[in-house]
Amino acid sequence: MVLGKVIGSVVATQKDESLVGKKLMLVKAIDLEGNLLEPFVVAVDVVGVGIGEKVLVVNGSSARMTDETRERSIDSVIVAKVDSINIS
Amino acid sequence: MFYGKVIGNIVATVKAKGLEGKKIQVVKPVDMTTGIESGKFIVALDITDSGIGDYVGYEDGKEAAWAFEPEEVPTDATIVAIIDKVNITGE
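Chains A and B, in that order, are what the protein sequence lines are.
Letter by letter, the first sequence follows residues 1 to 88 in this note's numbering.
Letter by letter, the second sequence follows residues 101 to 191 in this note's numbering.
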């Protein structure tokens, strides 16, 4: 999974039918200190996150392993809102 | 399977159903031949009881989710082994 930060949202009225009703968020990867890195994705939010929040993103076919994304054309999903990161 | 070292963990109370009750670890990829730790890290679920400092084997992609079959778990990285020893022979 990728540790990321929600930096925005994406609105698309014309889209694949399987994406209708899905919340599209713009997520940038971050390092362990929270600094933004280059990679970003448009991920479907199945958890209910807001802009600025730290999240975990799953990519690839595993992204379809939730009730909200099964058998839909989705390859990136926000699966968790991060409370804390413990590194030692 | 990839080789790495557990350097920490993540707490997330609000998450997809499939992640309920699963440990979320922070893993640094490690070069198995040199032992050198990568500057990068990934976040992985864990079916072992590995802890910080353990060397582990992890799967990525769809296989990471199959580690939980038949349960449907949205993960693209899962620790599936704690590695005790690495023996490399030959040149």
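If you are wondering where the hints come from, they were derived from the structure by calculation, not from laboratory data.
All values derive from a computational prediction rather than experimental measurement.
Accuracy of the hints is not assured; some may be wrong.
Claimed, not checked - List of simulated lysine-lysine pairs, DSBU-like, C-alpha gap at most 30 Å:
#1 B/K162 <-> A/K81
#2 B/K140 <-> A/K28
#3 B/K140 <-> A/K54
#4 A/K28 <-> B/K123
#5 B/K123 <-> A/K15
#6 B/K185 <-> A/K54
#7 B/K140 <-> A/K23
#8 B/K117 <-> B/K185
#9 B/K185 <-> A/K28
Check: What are the numbers of the hints that this structure violates, sorted from low to high?
Finding: 5, 6, 8 and 9
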